[in-house]
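The whole structure should be built from the sequences, with the hints applied where relevant.
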Amino acid sequence: MQVKTPISLQRTLRSLLQLSSTVNHLKQIHCRLLVLDLHQDQFLITNLITVLSQRFRAINYSFSIFTHTHNPNTFLFNAMIQALSETPGFQSNAIQLYILQMRYGTEPTRRPNRFTFPPLLKACVATFRLVKPIQEIHAQVTKFGTYSDVYVGTTLLDSYSRYSEVEFARRVFDEMPIRNVVSWNSMVSGLARCGEVCTAKELFERMPDKNLVSWTSMISGYAQNGYFNETLAMFDDMVASGVKPNEITLVSVLSACANLGALGLGKRIHSFLEDNGYGLDLFLGSALIDMYSKCGMTTEALQVFDRMLERNVVAFSAVIVGLAMNGRGLEAIRIFEDMRFQGMLPNDITFIGVLCACCHVGLVDKGQYYFHSMTREYSIVPKLQHYACMVDLLGRAGLLDQAYQFITEMPIKLDVVVWGALLGACRIHCNFELGVHAAHKILELDPQHSGGFVFLSSAYARSGDWDAVKKVRMMMEKSGMKKTPGRSWIEINNIVHQFFAGDKSHPLSDKIYMKLDELARLMEFEGYTPNVESVFYDIEEEEKEQSLNVHSEKLAIAFGLLNSPEGTLIRIVKNLRVCDDCHFAIKLISKIVRRDIILRDSNRFHHFTGGTCSCQDYW
DNA sequence: ATACGAGCGG
1 MQVKTPISLQ RTLRSLLQLS STVNHLKQIH CRLLVLDLHQ DQFLITNLIT VLSQRFRAIN
61 YSFSIFTHTH NPNTFLFNAM IQALSETPGF QSNAIQLYIL QMRYGTEPTR RPNRFTFPPL
121 LKACVATFRL VKPIQEIHAQ VTKFGTYSDV YVGTTLLDSY SRYSEVEFAR RVFDEMPIRN
181 VVSWNSMVSG LARCGEVCTA KELFERMPDK NLVSWTSMIS GYAQNGYFNE TLAMFDDMVA
241 SGVKPNEITL VSVLSACANL GALGLGKRIH SFLEDNGYGL DLFLGSALID MYSKCGMTTE
301 ALQVFDRMLE RNVVAFSAVI VGLAMNGRGL EAIRIFEDMR FQGMLPNDIT FIGVLCACCH
361 VGLVDKGQYY FHSMTREYSI VPKLQHYACM VDLLGRAGLL DQAYQFITEM PIKLDVVVWG
421 ALLGACRIHC NFELGVHAAH KILELDPQHS GGFVFLSSAY ARSGDWDAVK KVRMMMEKSG
481 MKKTPGRSWI EINNIVHQFF AGDKSHPLSD KIYMKLDELA RLMEFEGYTP NVESVFYDIE
541 EEEKEQSLNV HSEKLAIAFG LLNSPEGTLI RIVKNLRVCD DCHFAIKLIS KIVRRDIILR
601 DSNRFHHFTG GTCSCQDYW
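Note that our numbering has the first sequence beginning at 1, numbered continuously upward.
Hints may be right or wrong, so weigh each one.
[Stated by the list, open to error] DSS-like mimics (lysine-lysine), calculated; alpha carbons at most 30 Å apart, straight line:
| id | residue 1 | residue 2 |
| --- | --- | --- |
| 1 | K201 | K143 |
| 2 | K383 | K483 |
| 3 | K511 | K470 |
| 4 | K483 | K471 |
| 5 | K201 | K132 |
| 6 | K122 | K267 |
| 7 | K441 | K470 |
| 8 | K132 | K383 |
| 9 | K504 | K483 |
| 10 | K122 | K132 |
| 11 | K366 | K413 |
| 12 | K413 | K471 |
| 13 | K470 | K515 |
| 14 | K441 | K413 |
| 15 | K483 | K511 |
| 16 | K132 | K143 |
| 17 | K478 | K383 |
| 18 | K515 | K504 |
| 19 | K143 | K267 |
| 20 | K515 | K591 |
| 21 | K478 | K413 |
| 22 | K483 | K470 |
| 23 | K478 | K511 |
| 24 | K591 | K267 |
| 25 | K483 | K413 |
| 26 | K143 | K122 |
| 27 | K471 | K504 |
| 28 | K504 | K366 |
| 29 | K591 | K511 |
| 30 | K515 | K478 |
| 31 | K471 | K441 |
| 32 | K504 | K441 |
| 33 | K366 | K383 |
| 34 | K210 | K267 |
| 35 | K267 | K244 |
I should point out that these hints are in silico values taken from the structure, not numbers from a laboratory.
Listed below in structure tokens is the structure:
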């Protein structure tokens, strides 16, 4: 039975609830309710539960109050379901409570309404792996006549999109009688989440009005789908239309900077954050660490890491992976040990960094130890990437038989990356027999894989078996193999200049080629001879004249030397792996011109200084 | 009278 309380007393108690700043205040109010015999006043109880759980996360206390209330009404159920659905670990209880509500019977005082479903849907998303429960709630939404509510529709379409059910999401959106900016934003980010970035963009353009979230949704949608140039273009548009970005926008922009190696913009965002008093929270901190690491600036990455007030597994993983990829494997391992010492649990990505670190430093035993501890101590199931790291680790160290043994014992289906790791090791250690086997396996899995063909043709060329070389060539042509064009880029004064192999389209092309000629003469003094073998690794180039001299990274470096002050660092990003010849040449260039050069290729970083490379010629 | 929806990191 509903207790009637004088309006003025209710109002007083309600403002007391709002003013409470500790759980003790609320306990005192709860006591007053009991003393005044108001503990069955559902309006006050609803308020009490809301404040307890929203402000103090006191979910158990809330629930005990709920269970002591007789015949709870819709409001009370809604408040309790919402509280449970907002508390990590309790979402499934929210669903159970709804089921209980249904079992009680849905007479008018207890009938679910439009406020019931949004939290319930969120709880389902947090609890279930499959979309089925969402569809069931969709049916309930219709049954209780709340389908045309904006909040319900928006949450429903959002939920569908989180299960990649973009068509259901779109249908809900199209059927909504009223949409507001939030509904549009949900649909835009839902489409982006399902990979339909172009449709998302179309919708974004058609939006009747846009706010900060609309822009941010589109920007992060681009970033998450790997459209990094579009991410930055969108960011420019946003700034141009006078919308001020917030931390959430900038996290996505930083991720694009990281992937493009756009250090200039990344740094500008870092200073913007500092100037505007944004603290280094977990998201921004990790994004900055990643950005600096992927630009080869590990020292700056470490600085950000050190300055973070709070660090979680993502921040640790970012710094461990960053150091590992940049060849600072020992430091990566030290930070990992530090993390374990602090009792923070690593996850699968942390272990990618750790294994990668061991690989680049050549710590075979340690790598094997960590690989085992991953499953034994932390119950993390190794993924293909972890296996590929192990094959790489063993293979690089010259333990090819062990690497092959490891492959044969793998409990999951092998992919191109794992065989590719073995192939790479065979190339470094000149084991052609095993390499040919790996290459065939790769071509079975991916008949257009250029690396497989390249290895085969060079292996046969080496052994003088020209018939076999011919056969491989024919296979290549038949497979329609398309080699990704080599592409490198360099950022000068915040502008990214891009070069393709053999590119002559740049306005300063003449000067660039003159610079390369000059470097070639100086390099001869240092004992450089073009490595003919590389030609076989790079089939796309071999038809072209002077093919060895025009790989895109060399063009970018020459351009960088011409357009930056003496003695400054040169940073290049390349979309493919660097070839042996360029690697050797860049080592010499770093010595001749006394410049440090950082080259990020598709696989790892190379820090060249004074004629040596941080990868120690293993890559 | 009460409560509900969108965008972020390795």
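These are the hints, each one checked on the structure:
1. K201 / K143: Violated: K201 and K143 sit about 34 Å apart, past 30 Å.
2. K383 / K483: 27 Å, holds
3. K511 / K470: Violated, because 39 Å separates the two Cα atoms, which is more than 30 Å.
4. K483 / K471: Between K483 and K471 the Cα gap is close to 18 Å, so the pair holds against 30 Å.
5. K201 / K132: 29 Å, holds
6. K122 / K267: 37 Å, violated
7. K441 / K470: The given pair, whose Cα atoms are some 20 Å apart, holds under the 30 Å limit.
8. K132 / K383: Answer holds: K132 to K383 is near 28 Å, not above 30 Å.
9. K504 / K483: 20 Å, holds
10. K122 / K132: 14 Å, holds
11. K366 / K413: 25 Å, holds
12. K413 / K471: 29 Å, holds
13. K470 / K515: 37 Å, violated
14. K441 / K413: 12 Å, holds
15. K483 / K511: Holds, because 29 Å separates the two Cα atoms, which is no more than 30 Å.
16. K132 / K143: 17 Å, holds
17. K478 / K383: Violated - the C-alpha atoms of K383 and K478 are around 33 Å apart, more than 30 Å.
18. K515 / K504: 14 Å, holds
19. K143 / K267: 54 Å, violated
20. K515 / K591: Since the Cα atoms of K515 and K591 sit roughly 16 Å apart, the hinted pair holds (cutoff 30 Å).
21. K478 / K413: 27 Å, holds
22. K483 / K470: Holds, at roughly 18 Å.
23. K478 / K511: 40 Å, violated
24. K591 / K267: Holds - the C-alpha atoms of K267 and K591 are around 28 Å apart, at most 30 Å.
25. K483 / K413: Holds, because 26 Å separates the two Cα atoms, which is no more than 30 Å.
26. K143 / K122: Holds, because 19 Å separates the two Cα atoms, which is no more than 30 Å.
27. K471 / K504: 34 Å, violated
28. K504 / K366: 48 Å, violated
29. K591 / K511: 21 Å, holds
30. K515 / K478: Distance of about 40 Å is beyond 30 Å: violated.
31. K471 / K441: 17 Å, holds
32. K504 / K441: 38 Å, violated
33. K366 / K383: 19 Å, holds
34. K210 / K267: 28 Å, holds
35. K267 / K244: Holds: K267 and K244 sit about 18 Å apart, inside 30 Å.
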